[in-house]
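Colleague: Chains as they are written, first to last, in the numbering used here: chain A, 1 to 309; chain B, 310 to 588.
Among these hints, one or two may not hold up.
If we take Cβ atoms under 7 Å as the criterion, some of the chain B residues that face chain A in the derived model are [stated by the list, open to error]:
1. 318
2. 320
3. 322
4. 326
5. 334
6. 340
7. 464
8. 525
9. 542
Computed list of chain A residues with no C-beta within reach of chain B, every gap over 10 Å [what the hints assert, rightly or not]:
10. 14
11. 34
12. 66
13. 91
14. 130
15. 131
16. 160
17. 164
18. 211
19. 212
20. 213
21. 256
22. 274
Keep in mind that the hints were calculated from the coordinates and are not lab data. For every residue, glycine included, the Cβ atom is placed at its ideal position computed from N, Cα and C.
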Amino acid sequence: MVKPDASAQPGGQRLSTRVYRLTQRHRHWFFIGPALVILLAVVIYPIVFSTGVSLFRVTFASTSRPFVGLQNFQRMLGNDDFLQSTYNTLFYVVFSVSGSFMLGFGAALLIRRISRGRDILRLVLIIPITMAPIVVGLMWNWMLDPLFGLINWFLGLLGIPGQTLLAQASTARLMVVLVDIWQWYPLVFLIIEAGMATLPRAPYESARLEGVSSWMIFRRITLPMLRPVILVALLLRTVDAFRTFDIVRVMTDGGPALTTETLSLYLYRTAFTFNKLSRAAAGSILMLLVIGLISAMMFRFLYKDIEVG
Amino acid sequence: MIVPARERIFAYAILIAMAVLVLIPVVAGSLTAFKPQIIWISSPPVWFFEPTLENFEFVLITRQNWLHLRNSLIISIGSVLIALVLGVPAAYGFARFRFRGSKGLMQWLISLRMIPPIVVGLPFYAMFLFLERATGLGLRDTHLGLILTYQTFLLPLVIWMMRGYFVELPAAMEESAMVEGYTRIGALWRVVLPVVWPGIVATALLNFIFAWNEFFLALILAGNNTSTLPMAAGTYIVRARVEWGNLFAVNLIIMMPVIVLTIILRRQLVKGLTFGILE
Chain A
1 MVKPDASAQP GGQRLSTRVY RLTQRHRHWF FIGPALVILL AVVIYPIVFS
51 TGVSLFRVTF ASTSRPFVGL QNFQRMLGND DFLQSTYNTL FYVVFSVSGS
101 FMLGFGAALL IRRISRGRDI LRLVLIIPIT MAPIVVGLMW NWMLDPLFGL
151 INWFLGLLGI PGQTLLAQAS TARLMVVLVD IWQWYPLVFL IIEAGMATLP
201 RAPYESARLE GVSSWMIFRR ITLPMLRPVI LVALLLRTVD AFRTFDIVRV
251 MTDGGPALTT ETLSLYLYRT AFTFNKLSRA AAGSILMLLV IGLISAMMFR
301 FLYKDIEVG
Chain B
310 MIVPARERIF AYAILIAMAV LVLIPVVAGS LTAFKPQIIW ISSPPVWFFE
360 PTLENFEFVL ITRQNWLHLR NSLIISIGSV LIALVLGVPA AYGFARFRFR
410 GSKGLMQWLI SLRMIPPIVV GLPFYAMFLF LERATGLGLR DTHLGLILTY
460 QTFLLPLVIW MMRGYFVELP AAMEESAMVE GYTRIGALWR VVLPVVWPGI
510 VATALLNFIF AWNEFFLALI LAGNNTSTLP MAAGTYIVRA RVEWGNLFAV
560 NLIIMMPVIV LTIILRRQLV KGLTFGILE
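Based on the provided sequences and hints, a complete structural model is requested.
Modeller: Shown next as structure tokens:
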């Protein structure tokens, strides 16, 4: 709420009128203000705080906090584990986003070709999105268990000996990505399908009358009209894959030999296992910058297409 | 759309295969929750057995996970209520008033969806710790502390979802009520809210799912007094021996309300999951 400074107002109008006008002009703050204050306190202040912490050497144990400038950032960028976990995260993003996108898009195209049972199939397909990621991770731990997991039982039926899929570097990385895809391709499916449902029918009908092939209809009509929807799906998947923690934490906890350690996991460990709060803060600010850059670029594309706000 | 039979059969085959791949781990895992301990780890899996509730009894009472259930309920319901109290008026403000910077503010709200939880979780831990050392005022390991932290992802979502519902209503509704002598607040309370009520319920339930499933911030910030169900699930997986039956009992307790809510909410789901960007 805005409090007008009554004494500074020149005469002419009655004070109460002026106060009334001011509150009328700023009445939106009455509605928006409280939420905004809380958001500043729970989002902006922590980020500012973290930036501050990253410039000092702060640990949970010691009370002395010398100023070290950008040293924490330098150390982070020169740290092999940080670079390794950045690489892992990018690997995770690329394969999880592209995998879930292709499966989700495919499912959305297919479900438009059927009518009976469509609702029940859709409902089954969206179950994974609504599950807690930690539950999904724990569940797949059980599926992949080398001794009594369903996957190995099935492989055994095919004559393949039991595999420790989560304990080998070569397969662990693939497994966590596959589980992430399993959980999130339904999100792409849901978004794309909702987008397709809003497409106008006229272009399709005239294209069909002119005998255009299905592939060309898809390329020239469906894809361009779905562009904003596709961008939203890609944006959400990218930021979610980028910050993955829960699934990896319970499935491999970053192992074996850091091959599945994502950035979130690495920063968590830096702060809470190795007690290097400042360095983790510096890393998290770097992470924020990267994700900010990626989403800013995707947003620019998006705003060309749709009106937001 | 007329679809050739060949194409339709192909679509059914793939979609049913996808549905089966979703259902196998979920159903097979959930069955384990009802198995007596001796057949938890039998391979090949036992599909037919006499179901028992002893695993649920064990986790809720012997392991005292009812405390975690209680914490999860307090934190989820509390954080959703606060997000609604702050977010619904804000959404109304954004829907009805154009002012300088309103568009930029809405975009800023979307950008909050992109922030990795570690970026806020880390400073929250340090802030709560330093606050306690400096003033003795404790937000660490309290329900209120977590409820506040959860506003980072709940509040922007509530504002975006509710704004969508308010925009759909004609502004003439409140205006005519205001002509009849209501104040704007009165009109909002008596005329608008009763109409958007279903939207508020949908928003609340969807946000409840997000708070209920949350793991990362709870892992960093919750302690003995506030540890939630997802954290309890993690305790059944210790390197040496995994208590699968107990683990899946907890998993099922986490999943049950969410599955019920999903069935109720399936139409609103897209709106919530895409943050209302698609409208």
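Colleague: For each hint, tell me whether it holds in the structure or not.
Modeller: Each hint, compared with the structure:
This hint is violated: residue 318(B) has a C-beta 9 Å from the nearest C-beta of chain A, more than the 7 Å allowed. Because the smallest distance between the Cβ of residue 320(B) and any Cβ of chain A comes to about 4 Å, under 7 Å, the interface hint for this residue holds. Hint on residue 322(B) is violated. Least Cβ distance to chain A is approximately 9 Å, over the 7 Å limit. The interface hint given for residue 326(B) is broken, as the beta carbon of that residue sits about 10 Å from the closest beta carbon of chain A, more than 7 Å.
Because the smallest distance between the Cβ of residue 334(B) and any Cβ of chain A comes to about 5 Å, under 7 Å, the interface hint for this residue holds. Below 7 Å, beta-carbon pairs count as interface contacts, and residue 340(B) has none with chain A, the closest being about 11 Å; its hint is therefore violated. With 7 Å as the threshold, the beta carbon of residue 464(B) comes within range of chain A, its nearest partner Cβ sitting at about 6 Å, so the hint holds. Interface hint status for residue 525(B): upheld, as the beta-carbon distance to the closest one in chain A is roughly 5 Å, under 7 Å.
This hint holds: residue 542(B) has a C-beta 6 Å from the nearest C-beta of chain A, less than the 7 Å allowed. Chain B leaves residue 14(A) outside its interface by the beta-carbon criterion, the shortest separation being 21 Å against a cut-off of 10 Å. For residue 34(A), the shortest C-beta to C-beta distance to chain B comes to about 5 Å, within the 10 Å cut-off, and the non-interface label is violated. At roughly 16 Å, the least C-beta separation between residue 66(A) and chain B is larger than 10 Å, which holds for a residue marked as non-interface.
No Cβ of chain B comes within 10 Å of the Cβ of residue 91(A); the nearest lies about 17 Å off, and the non-interface call holds. A beta-carbon of chain B comes within 10 Å of the beta-carbon of residue 130(A); the shortest separation is about 5 Å. Against chain B, the non-interface label of residue 131(A) is violated: not every CB pair exceeds 10 Å, the least being about 6 Å. With a minimum CB-CB distance of about 14 Å to chain B, residue 160(A) clears the 10 Å threshold, and the non-interface call stands.
For residue 164(A), the requirement that its beta carbon stay farther than 10 Å from each beta carbon of chain B is met, with the minimum near 14 Å. With a closest Cβ-Cβ approach of about 15 Å to chain B, residue 211(A) is found to remain outside the 10 Å limit, as its non-interface label requires. Listed as outside the interface, residue 212(A) is consistent with that label: its C-beta sits roughly 15 Å from the nearest C-beta of chain B, beyond the 10 Å cut-off. Every Cβ of chain B is farther than 10 Å from the Cβ of residue 213(A); the closest lies at roughly 14 Å, confirming the non-interface assignment.
Non-interface status of residue 256(A) relative to chain B is upheld: no Cβ of that chain comes within 10 Å, the nearest being about 13 Å off. At roughly 13 Å, the least C-beta separation between residue 274(A) and chain B is larger than 10 Å, which holds for a residue marked as non-interface.
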